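Chemist: Here's the letter readout for the chains.
Number of protein chains: 2
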Amino acid sequence: MAFHVYDTTLRDGAQQEGMNLSVADKLAIAPLLDELGVGFIEGGWPGAVPKDTEFFARAATELNLKHAVLAAFGATRKVGVPAADDPQVRALLDSQAPVITLVAKADIRHVERALRTTGSENLAMITDTVRFLTGEGRRVFVDAEHFFDGYRYDADYAVECVRAAFDAGAEVVALCDTNGGMLPDWVAEIVAKVRAAVGPDAVLGMHAHNDTGCAVANTLAAVAAGAEHVQGTVNGYGERTGNADLITVVANVELKHGRRLLAGHGLEEVTRIAHAISEITNISPYGRQPYVGASAFAHKAGLHASAIKVDPDLYQHIDPTAVGNDMRMLISDMAGRASIELKGRELGFDLAGQGDTLGRIATRVKQAEAAGYTYDAADASFELMLLEEVGGGRPEFFSVESWRTIVERAGSRGTEATAEATVKLHAGGERIVSTGEGNGPVNALDHALRQALARVYPEIADFELIDFKVRILDQMQGTDATTRVLIESTDGERSWSTVGVGPNIIEASWEALTDSIIFGLFCRGVAPR
Amino acid sequence: MAFHVYDTTLRDGAQQEGMNLSVADKLAIAPLLDELGVGFIEGGWPGAVPKDTEFFARAATELNLKHAVLAAFGATRKVGVPAADDPQVRALLDSQAPVITLVAKADIRHVERALRTTGSENLAMITDTVRFLTGEGRRVFVDAEHFFDGYRYDADYAVECVRAAFDAGAEVVALCDTNGGMLPDWVAEIVAKVRAAVGPDAVLGMHAHNDTGCAVANTLAAVAAGAEHVQGTVNGYGERTGNADLITVVANVELKHGRRLLAGHGLEEVTRIAHAISEITNISPYGRQPYVGASAFAHKAGLHASAIKVDPDLYQHIDPTAVGNDMRMLISDMAGRASIELKGRELGFDLAGQGDTLGRIATRVKQAEAAGYTYDAADASFELMLLEEVGGGRPEFFSVESWRTIVERAGSRGTEATAEATVKLHAGGERIVSTGEGNGPVNALDHALRQALARVYPEIADFELIDFKVRILDQMQGTDATTRVLIESTDGERSWSTVGVGPNIIEASWEALTDSIIFGLFCRGVAPR
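From first to last, the protein sequence lines stand for chains A and B. Position 497 of the first sequence, counted from 1, bears residue number 497 in the UniProt record's numbering, the numbering being contiguous throughout. Position 519 of the second sequence, counted from 1, bears residue number 519 in the UniProt record's numbering, the numbering being contiguous throughout.
Quick caveat, the hints were computed from the structure, so don't treat them as lab data. One or more hints might be untrue.
Pairs count within a copy or across copies, as identical chains cannot be separated in the list.
Stated by the list, open to error - Straight-line alpha carbon distances no greater than 35 Å define the calculated DSBU-like cross-link-like pairs of lysine-lysine that follow:
1. Lys78 - Lys343
2. Lys51 - Lys366
3. Lys256 - Lys343
4. Lys256 - Lys193
5. Lys366 - Lys78
If you're wondering where the values come from, they're calculated on a predicted model, not measured in any experiment.
Use the sequences and the hints to build the structure in full.
Modeler: In structure tokens, the structure reads:
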């Protein structure tokens, strides 16, 4: 059978402190996981968490996954209740997920002290629930919770739980280091013993947490001992110290052992995918993250700088392009130019052979990114920059004389604040003054700007702002910090993104708002009036 | 002989992107490492780096280390030059460090391509330099650079380098995974073979980098294979993905294998020490860091909260007090009454047996979280809510009459926008009107509010806003979306976080700002004036 790469970013990853994923967030992350090429996406716990119920309902119609199969997470039936009568179990069926992953207790102490039942009732709960769900035509995986701690306390009981699951028809039993306290030697020994106990055909999996800093190594140890199913999360998200970082696990196995795990070629895009997911979770990427971190292939200029240029393979453990990352020292050299040339081609500018122009744009991109701009997520702003550099300049649809926004709360706690904005600009040969209201200053500016331009550029009526993201850079500077605003707009046919940066959130928003409208008009072939 | 814990935070750790340690920083970090109980502190490269020369000069008189011995890092002599005549080698002697750690090439490809010399000259460089320095009465350790890659390419040559070092009198040879590409199985196998080649009395060490996410596991694998010297850095600082986190390595060996490595009882203080060092390096602590991270013992899942209350040992891999950390319960919409009771206890409210109150608070938390609030990242806002529900109500330090903020840009593209804010409030029996400017509307409001309260509550002068985060919820609604603002503040002794939510980003920020000041004053025991 094929090796399973089982992603639980949307379920166990969402347990991370400070992470709170909406249904829309989950629906946006799932296609990125699919693009990465994972085999399974655990979407949440339908029935127990209302927004997870909604996720599965919407996933059925809104998601179009190429590789990945959705899995719903849930628990074995309650003590003393038939599986078919347990509403939590029925909700798993109702989710329509083709795979159901059941968490089952495998540590006798948890059975007795937390579940407050007997070892034999817990075994019956496993058997009944697996049998019921497989009988309904679902593939059933079992997460043997606290397995390793349980095994070290009472190995026989822990193995009995695993056997019960397989005997009832479970396709996989994932051994969970729920508290994360294991070390690789222990994992290797225990997985080998379980493998011997359950026989060579049973598919064992590994679910690791990083409390000893060994989640990746523990997962690799389990694979070496015969596990054929690995669970983890993108960017190692998860409760406490996080889950095993699925990216690192997969990159290690694929690039170090030459064993293909992912469908498609997602590994070559994993740096972009990891960062795109962190934009959605709004958790700053960790610079030192293996493979995909911004620093992962960054070399501080020093002793070996010239040698690195001549012979990079001597100084890096893999070719960074294998994971879509870059050696940082080369970013302003050929690699930077090459990617700008490629990007330009994608946008309709042929820059082949224009070394000076490419060098100038590369420098400008580098300066802008150092100041906080990001063009990965703002194609339209990058294209406006290309227009300035090589395309005859930015189209001047309007010129702004001034703008102002006022937010005030006229009363004490409980009174609602009001926001209004005034924009003064010139377009179509006229001077236009327009005031808009909104539920916040950016919304008010957006209204004022659209209203000001509506008569001269009626095309704007089709434009809609569909996403607005704010990220604080340099977080340690409090309200003094630099702000980055990303805006996504649509005209119903295509969508585009723009970026604004500055210490003033309103000014950064204004930059992204005006660029959005300029780009939208430019794309529709509108000429400045 | 005793096991060596060898810290290289001040040398290899300082290679981290964005880290720039002054001599004063290094002099402040060294005593903290000593307090932790490491055996050796590698202070830098005297002779090659001027501030490291100064560090060793000042360390001799200014540092008073209880346990740790200082080590100076340097290289073997230059090609074709006697060790005694090499100024870089002489500078190591001049540093007066009792231990000198020499980096030596152990990969024949690096010898030939980067050093541009022969294998035999490299061996002579090792022999001569070690012999010269031991002859001068110094203890000499050797870092065998690129050892593992070198061994996999040409094992005989790599082992010859190690032998040359020992034969010349080196006390330790540390095998370095300089590029960080090793996996634990490979390390275990290679260290065992080297151990067999050099005999049981030779002291082997391990120096790991985290490029495969396995630095800690690789170090443990080397120890299991017979290494008795481990190198690493506090908080895993270092180039690219960082070095092995010495804290995690030591905690794993001490707490999991029961083997004492540190002098004194520093492990029980390691959370404080790790954070104190991050204050000096000015690199934000990583919340998910094993053992010492702020999230390392934080529990969110509602499922487990009731059981955690009864039996915490079932849900954590070690007792957090063993590393000076604490268990924390995170309040989220998944939390039930049990976690609110636990959180209340943590904050000093005994809610045991108060079912109705707990139910009321749980409902309020769920409603607030549905509206966009998040308490797992905003302890202080949760505590203010508890004060309203079961304490004596929110302390009324001031009452706000109104506030207003204006952001305007008086000119066209390129002109800078200005922000000002006016706050009208009552405190200390007076009506106060205060106007502040800032580089953005929230910064201006923050200034106006602090200025308004400064005379009545001079304690506010100690408060500092250290983190400001904005998250747009329901992103698909464009600038109409709900905004969540999280603010972290400190008074120099403790830090606290507050949350504000609303469609208007300014209003949400105002909520978090005012809660932050109210909570800060409350904690200081200030009474409303």
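Chemist: Is it within, between, both or neither when you check Lys256 against Lys193 at 35 Å Cα-Cα?
Modeler: This pair counts as both: shortest intra-copy Cα distance 26 Å, inter-copy 21 Å.
Chemist: How would you classify Lys366 and Lys78 at a CA-CA limit of 35 Å: within, between, both, or neither?
Modeler: Between copies only: 25 Å across, 58 Å inside.
Chemist: My question is about Lys51 and Lys366: at a cut-off of 35 Å on alpha-carbon distance, are they close within one copy, between copies, both, or neither?
Modeler: between (41 Å within a copy, 13 Å between copies)
Chemist: Can you tell me if Lys256 and Lys343 fall within 35 Å by alpha carbon in one copy, between copies, both or neither?
Modeler: Classified as within: same-chain Cα gap 29 Å, cross-chain 45 Å, threshold 35 Å.
Chemist: With identical chains treated as interchangeable, where does the CA-CA distance between Lys78 and Lys343 reach 35 Å or less: within a copy, between copies, both, or neither?
Modeler: between (56 Å within a copy, 27 Å between copies)
When held up to the earlier numbered hints, the structure conflicts with none and fits them all.
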